[in-house]
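So the protein sequences, as listed, match chains A and B. If you count the first sequence from 1, you need to add 4 to reach this note's numbering. If you count the second sequence from 1, you need to add 45 to reach this note's numbering.
Among the hints, erroneous ones may be present.
What the hints assert, rightly or not - The calculated SDA-like cross-link candidates involving lysine to any residue, where the alpha carbons are at most 25 Å apart (straight line), are: (1) B/K196 x B/P210; (2) A/K201 x B/D308; (3) A/K81 x B/D308; (4) A/K33 x A/S139; (5) A/K173 x A/V19; (6) A/K217 x B/P165; (7) B/K300 x A/K173.
Stated by the list, open to error - Computed beta-carbon distance windows for the label pairs: (8) B/F382 x A/W234: 50 to 60 Å; (9) A/A247 x B/K205: 40 to 50 Å; (10) A/I171 x B/A294: 42 to 52 Å.
Unchecked claim - Stretch by stretch, here's where chain A covers chain B in the computed footprint (C-beta under 8 Å, at least three residues): (11) 78-87; (12) 111-120; (13) 145-156; (14) 212-218; (15) 351-360.
By construction, these hints were calculated from the structure, which means they are not laboratory data. Glycine included, each C-beta is placed from N, C-alpha and C at the ideal position.
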Amino acid sequence: MLKKKALLIDLTLCVGCNSCQIACKEANKLPAEEEKVLSPTAYTALQEYDGVYVRRMCQHCDDPTCVSVCPVGAFTKTQEGPVVYDADKCIGCRYCIQACPFQVPRYEWSSTYPRIRKCVFCHDRLKQGLPTACSEACPTGATKFGDRDDLLKEALERIAAEPGKYIPKVYGQKEVGGTSILYVSSVPFENLGFQTKLQTTPLPALTWNALSKIPGVVSVGGVLLFGIYWITNRRQEVREYEAKLRETKTSSNGHSSTLGQ
Amino acid sequence: MKKFLSTFGFWKIVAVVFITAGMYSAYVRFAYGLGASTHLSDQFPWGIWIGFDILCGVGLAAGGFTVAAIVHIFNLKRFEPIIRPTILTAFLGYILVIVGLMFDLGRPLQVWHAIIMWNPRSVMFEVAWCVMLYTTVLALEFSPVVLEKFKMTKTIKVLKRISIPLIITGVLLSTLHQSSLGSMYLIVPEKLYPLWYSAYLPIFFYVSAIAAGCAMVIFESFLSSRAFNRGIEMHLLNEIARVCVVMLAVYAMMKFVDLKDRDALSLLFVPRFETYMYWLEIIVGVIIPLVLLSQEKIRQNPNGLFINAVLVVLGFIINRMNITITGLEAWAGTSYFPSLIEFSITMAIITVGFIAFYYIAKFFPVFTFEEHHESKVPAHAGVVWQQDIEKVSKVIV
Ligand code: SF4
Ligand code: SF4
Ligand code: SF4
Chain A
5 MLKKKALLID
15 LTLCVGCNSC
25 QIACKEANKL
35 PAEEEKVLSP
45 TAYTALQEYD
55 GVYVRRMCQH
65 CDDPTCVSVC
75 PVGAFTKTQE
85 GPVVYDADKC
95 IGCRYCIQAC
105 PFQVPRYEWS
115 STYPRIRKCV
125 FCHDRLKQGL
135 PTACSEACPT
145 GATKFGDRDD
155 LLKEALERIA
165 AEPGKYIPKV
175 YGQKEVGGTS
185 ILYVSSVPFE
195 NLGFQTKLQT
205 TPLPALTWNA
215 LSKIPGVVSV
225 GGVLLFGIYW
235 ITNRRQEVRE
245 YEAKLRETKT
255 SSNGHSSTLG
265 Q
Chain B
46 MKKFLSTFGF
56 WKIVAVVFIT
66 AGMYSAYVRF
76 AYGLGASTHL
86 SDQFPWGIWI
96 GFDILCGVGL
106 AAGGFTVAAI
116 VHIFNLKRFE
126 PIIRPTILTA
136 FLGYILVIVG
146 LMFDLGRPLQ
156 VWHAIIMWNP
166 RSVMFEVAWC
176 VMLYTTVLAL
186 EFSPVVLEKF
196 KMTKTIKVLK
206 RISIPLIITG
216 VLLSTLHQSS
226 LGSMYLIVPE
236 KLYPLWYSAY
246 LPIFFYVSAI
256 AAGCAMVIFE
266 SFLSSRAFNR
276 GIEMHLLNEI
286 ARVCVVMLAV
296 YAMMKFVDLK
306 DRDALSLLFV
316 PRFETYMYWL
326 EIIVGVIIPL
336 VLLSQEKIRQ
346 NPNGLFINAV
356 LVVLGFIINR
366 MNITITGLEA
376 WAGTSYFPSL
386 IEFSITMAII
396 TVGFIAFYYI
406 AKFFPVFTFE
416 EHHESKVPAH
426 AGVVWQQDIE
436 KVSKVIV
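So that you can see chain A by itself, here it is in the shape it has in the complex (with noise of 0.2 Å):
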């Protein structure tokens, strides 16, 4: 079994000198002009808070939610960790933009033939045993590489190792269901433009629960509105042989009181 991949990122190190941007343009040939936001060509970038570097990217998600709604499957969840994309399968229905908590997927909207965008976690060097190429580029180590299961607890023990440079939290840990992708910061994560509010158990579940009963309501439902057409159709029936029966008799010999109802 694959050890899954990912990425910690110690905001406390990070010097915001792009080089993670630089070296996944190059890698993806992507344009390399410098991008301050997430875009169909940038497919991280560095926000500044007050002097602290964010760097947002797609959160390679556990249990990812763009997986979930893609109507026809154009998203895998790799074992490696990376969640990548087909765009020969993609119809363009824009569900996974409109799903990702993290608002990651870009789409390509000046295209005629569009594309989703989104960092690959660079899935083909990671099949060759490679590191991702941001993290490759990374001086100082602010993004750090590795099996999530080692990277976590190094994130727990570097917060328990200075309680006072780091807050007690490790976003990605849990966040709907856990990501590949890990933060340390020494500022809340809420100020840095983080969704804080989300859920720790996976969003897929919450449209599973209403598809999984389907089944149900098409055999309950099949059978409950067949038997009242049953029904319905079978007193009517009744009612007509009873009139019917009830104007023979009257023909016949005149005493249609004995039928009764």
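Based on the hints, put chain B with the ligands in the right spot on chain A.
This is chain B with the ligands only, laid out in the frame that chain A set:
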């Protein structure tokens, strides 16, 4: 006659304008892409095409399965006169939903992927299948009308034999995807404003669609009675209005209990845009029609019936637009208003729908039970805007 011709000319021009604008917009949409033609963005990936064309289109066509169930499953045969126009409305409605979807999808030519590339965990996948299957069911339900015209009695007999399973399938499919349109929003608990986000969204969507579907049956009966100069089945519409009232009452109660259970009642009094829009949808689409339509006197009055049906439909539309747009704006941190192109495509689609209904009803035996029902609506009845609608129906329709 002269007057008729001049109004005829006017509405014809309006129709031509809408369709021409729509065609130009369609060109821009497909030649330059969604970015150039719409106000959609990564913050607001779904706009009026999803909110109106699809959510409202499907919901307002709910009269189709409701009336089919009333007539064939509950065996209330007296409703037969309205079943054909209702099925036709639903069928056209779904066709237009699919057309709308073609504009909205980024890669419309790949839409068939949903047939072979499955993802049963996706609500969208389920909706896609249900809409496909139900459109087929509607086509089959309506086909006897066409076959009758061409006197293909044998085929009609075959269809008659499968009609009950067909109608049951239709009701089930409708139940599934009407509610699933609500389930689609279950996945955005943090994004959708809490006045609207609820675990019961699927049920709210279902119940409100039945209410709005009934209102549409009334609305459309009035329009076609004027367009085709035929009688109106007041006693039937009265009963349909009663179904509508019951549904609205159930809906209102569930909404209230849900807010209470979620401790969200206080949100009703927070002075912000979402609150106002919420009240608007509830007052227009639920409270007023609930109070008025529960009175026999108003249900017997053609104008009362018509105006309330319009209110229910309006409230329904506001509700769906609130969920797709208003309720998501705060989270997205940006507002959305449809571009002229988005708007004109929607208008063109509606116009085409009206025209299609008019011609199909004209050339096929859609209205079969004619004059022996009830009186005609007095010609002078109604406020000015109502006469406008009358003209629309008469002509563009
Ligand atoms: S962050 Fe969004 S796009 Fe990335 S895996 Fe999670 S749900 Fe998918
Ligand atoms: S836009 Fe494409 S990838 Fe996203 S949910 Fe729709 S079909 Fe799937
Ligand atoms: S993991 Fe790869 S694709 Fe993702 S941001 Fe880093 S370099 Fe770019």
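Outcome of the hint check:
1. B/K196 x B/P210: Holds: B/K196 and B/P210 sit about 24 Å apart, inside 25 Å.
2. A/K201 x B/D308: holds (18 Å)
3. A/K81 x B/D308: violated (37 Å)
4. A/K33 x A/S139: Roughly 17 Å between the alpha carbons, so the hint for A/K33 and A/S139 holds.
5. A/K173 x A/V19: Between A/K173 and A/V19 the Cα gap is close to 21 Å, so the pair holds against 25 Å.
6. A/K217 x B/P165: holds (13 Å)
7. B/K300 x A/K173: violated (37 Å)
8. B/F382 x A/W234: 50 to 60 Å: holds (52 Å)
9. A/A247 x B/K205: 40 to 50 Å: With a Cβ separation near 23 Å, A/A247 and B/K205 fall outside 40 to 50 Å, so the hint is violated.
10. A/I171 x B/A294: 42 to 52 Å: holds (50 Å)
11. 78-87: holds (count 7)
12. 111-120: holds (count 5)
13. 145-156: Check passed, 7 qualifying residues.
14. 212-218: Coverage by chain A holds here, the residue count being 3 at a Cβ distance below 8 Å.
15. 351-360: violated (count 0)
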